[in-house]
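All chains, please: the whole structure from these sequences, using the hints.
With the working numbering as the guide, the letters of the sequence shown map in order to residues 313 to 394.
None of these hints come from the bench; they were simulated from the model. Each hint can be trusted.
Calculated cross-link-like contacts (lysine-lysine; reagent style DSSO-like; alpha-carbon spacing at most 30 Å):
no.	residue 1	residue 2
1	Lys352	Lys336
2	Lys353	Lys336
3	Lys352	Lys334
4	Lys353	Lys334
5	Lys350	Lys334
6	Lys336	Lys350
Using C-beta positions, here's what the derived DEER-type ranges look like:
no.	residue 1	residue 2	range
7	Glu390	Leu318	21 to 29 Å
8	Asp340	Arg383	22 to 30 Å
9	Asp380	Lys334	16 to 24 Å
Positions of the beta carbon are idealized from the N, C-alpha and C atoms, including for glycine.
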Amino acid sequence: SGITTLVINEEVRERQVARLEKTKSQRDNGAVANALEKLKKAARDGDNTMPATIEAVREYATLGEICDALRDVYGLYEEPAF
Numbered sequence: 313s314g315i316t317t318l319v320i321n322e323e324v325r326e327r328q329v330a331r332l333e334k335t336k337s338q339r340d341n342g343a344v345a346n347a348l349e350k351l352k353k354a355a356r357d358g359d360n361t362m363p364a365t366i367e368a369v370r371e372y373a374t375l376g377e378i379c380d381a382l383r384d385v386y387g388l389y390e391e392p393a394f
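Below, the structure is given as structure tokens:
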């Protein structure tokens with residue numbers, strides 16, 4: 313009995329990629345960039361990042377873009393080696 317892995321249907325993947333590209337082409341990229349900068353500022357200042365995250369989502373920032381913004385401030389977590 314092997315481990316069952318998720319297999320993504322190629323048609324579904326292509327449809328989702330097309331949806332993402334359409335969303336990115338139709339959104340206000342300036343507003344997205346502004347929202348992501350607000351998110352970075354909140355993270356740098358130690359403020360609550362949820363309001364800025366919600367604003368970024370409302371401007372159609374992607375999850376990847378939001379994570380990249382937070383990574384820019386916090387870096388990547390690395391478990392300490394003992």
